[in-house]
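Here is what each chain is made of, one letter per residue.
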Amino acid sequence: MKSLIKEFSKGITVLNPTFGLILGLCPTLAISTSLFNAIGMGVAATFVLVFSNLIISALRNFIPARIRLPSYIVIIATFVTICELGLKAYLPGLSKSLGIFIPLIVVNCIIMARAEAFASSNRILPSIFDGLGMGIGFTLGISIIAFIRELLGSGSIAGIGLLKSNEFILVMILSPGALLTMGLLIALSRLLGLTKR
Amino acid sequence: MKETLRFGFILGIICIVAAGLLAGVDILTKPKILAQEKLEEELSLRAIFPSAHHFDEVRDGEKVIYYKIFSSDGKFIGVAFNTSGKGYAGEIKTLVGMLSDGKITAIKVTSQSETPGLGSRIAETNFTERFQGKSDLSGVEAITGATISSRAVIDSVKKKAEEIRLRVENDR
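In the order they appear, the protein sequences are chains S and V.
With numbering that gives the first Met the number 0 applied, the first sequence covers 0 to 196.
With numbering that gives the first Met the number 0 applied, the second sequence covers 0 to 171.
Warning: the hint list may mix true and false statements.
Below, in silico cross-link-like pairs of lysine-lysine (DSSO-like), each with a Cα-Cα straight-line distance of 27 Å or less [stated by the list, open to error]:
#1 S:Lys87 with V:Lys37
#2 S:Lys95 with V:Lys133
#3 S:Lys95 with V:Lys107
#4 V:Lys157 with S:Lys87
#5 S:Lys95 with V:Lys29
#6 V:Lys157 with V:Lys133
#7 V:Lys107 with S:Lys87
#8 V:Lys159 with S:Lys95
#9 V:Lys85 with S:Lys95
#10 V:Lys92 with V:Lys159
#11 V:Lys62 with S:Lys95
Which bits of chain S does chain V cover? Going by a derived footprint, with three or more residues having C-beta under 8 Å, they are [claimed, not checked]:
#12 14-25
#13 50-63
#14 66-74
#15 84-92
Treat the hints as calculated values from the structure; they're not laboratory data.
Just so you know, even glycine gets a beta-carbon here, dropped at the ideal spot from N, CA and C.
Using the sequences and the hints, build the whole thing.
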């Protein structure tokens with residue numbers, strides 16, 4: 000039980016995908032313009048992570064090492080497509096604002112990295128906890144960045160306007176804002192010892 | 000040789016299971032997705048044509064060319080059509096409502112990926128209401144700082160409006 004908690008919590012703290020491992024930056028930079036999108040993206044990626052870890056761990060003795068990468072990609076792509084169709088059918092608004100970044104979860108390196116580094120050599124239960132922790136860590140990371148960018152860049156939180164139009168900094172919503180916010184947050188998390196170098 | 004066959008077989012099994020799973024999910028979600036698209040289309044049409052009572056799709060094969068709009072007493076009052084143009088960051092799709100005399104009733108940007116806060120302002124009413132009641136679109140002003148995005152919308156609406164005008168004349 001103790002080791003399960005460890006597998007779960009490492010993704011949120013020391014090995015946080017956004018601030019510790021610094022993986023999956025493409026969606027992090029692109030989607031963190033609003034808190035709502037960030038949470039949607041995080042939940043979608045968590046869903047894919049948990050299920051791909053589960054299946055890859057279950058099949059770890061069935062898949063030969065030499066064809067593991069194509070197998071992982073097929074498995075990950077399957078869950079991403081399920082997720083995409085589900086969003087389109089039940090949450091069309093979110094599906095529209097996340098757009099191309101939902102299918103691009105396939106190439107999110109966090110998912111591939113966890114499949115390769117963890118699920119392929121661990122039992123099912125720890126793999127699920129690893130996926131869940133990493134997914135929540137990713138959601139948290141992207142949400143913190145989005146919270147700061149949305150507040151400073153468009154003066155609102157989760158779409159609720161707070162500031163007047165002359166009180167916010169447009170550049171925060173553009174790509175430089177994403178890089179600045181992320182860089183400062185990574186520096187801060189290392190300074191506080193939350194993540195490892 | 001034997002290895003290769005075994006690998007191909009295993010990968011094949013994984014792919015078949017994945018394909019089966021996806022086919023199942025597709026069957027489950029397809030009616031829902033189609034219904035959502037239909038609903039969204041209807042809402043968009045109502046937004047640009049508040050006086051509309053019902054619509055008729057005019058098709059060329061599979062594609063919807065334009066919609067005929069009728070008032071509650073069954074009179075033909077105008078048309079609505081989709082158009083798209085290349086903006087600063089990608090395609091901008093717009094739904095346009097046009098009265099039978101060629102005047103634009105309203106436009107609605109249905110999909111765009113322009114820079115947030117700059118080009119994305121083309122979707123705001125402040126810009127879209129500039130089209131209202133105009134039949135000559137050369138008078139529509141672009142948004143300061145978002146000229147490329149604005150021009151993409153103006154030009155695509157203008158071009159398609161002329162095409163549709165001719166088509167409607169012919170179809171009569």
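Coverage assertion for the region 50-63 of chain S with respect to chain V, Cβ distance below 8 Å, three residues required: holds (count 4)
Chain V over the region 84-92 of chain S, status - at least 3 residues with CB closer than 8 Å: holds (count 6)
Lys95 of chain S paired with Lys29 of chain V [C-alpha distance capped at 27 Å]: holds (16 Å)
Restraint check for Lys157 of chain V with Lys87 of chain S, where alpha carbons must lie at most 27 Å apart: violated (32 Å)
Hint consistency between Lys85 of chain V and Lys95 of chain S [alpha-carbon to alpha-carbon, up to 27 Å]: OK: Lys85 of chain V and Lys95 of chain S at ~19 Å, within 27 Å.
Given pair status - Lys95 of chain S, Lys62 of chain V, alpha carbons within 27 Å: It holds: about 22 Å lies between the C-alpha atoms, which stays within 27 Å.
27 Å Cα cutoff - pair Lys159 of chain V, Lys95 of chain S: Holds, at about 25 Å.
Given pair status - Lys87 of chain S, Lys107 of chain V, alpha carbons within 27 Å: Measuring from Cα to Cα gives roughly 21 Å; hence the hint holds.
Pair hint outcome, Lys95 of chain S versus Lys133 of chain V [Cα-Cα no greater than 27 Å]: Violated. Lys95 of chain S to Lys133 of chain V sits at ~30 Å, over the 27 Å cutoff.
Hinted pair Lys92 of chain V and Lys159 of chain V, Cα distance within 27 Å: Judged against 27 Å, a Cα distance of about 12 Å means the pair holds.
Hint consistency between Lys87 of chain S and Lys37 of chain V [alpha-carbon to alpha-carbon, up to 27 Å]: Since the Cα atoms of Lys87 of chain S and Lys37 of chain V sit roughly 13 Å apart, the hinted pair holds (cutoff 27 Å).
Satisfaction of hint between Lys107 of chain V and Lys95 of chain S, Cα-Cα up to 27 Å: holds (16 Å)
Comparing the model with each earlier hint shows violations of hints 2, 4, 12; every other hint is respected.
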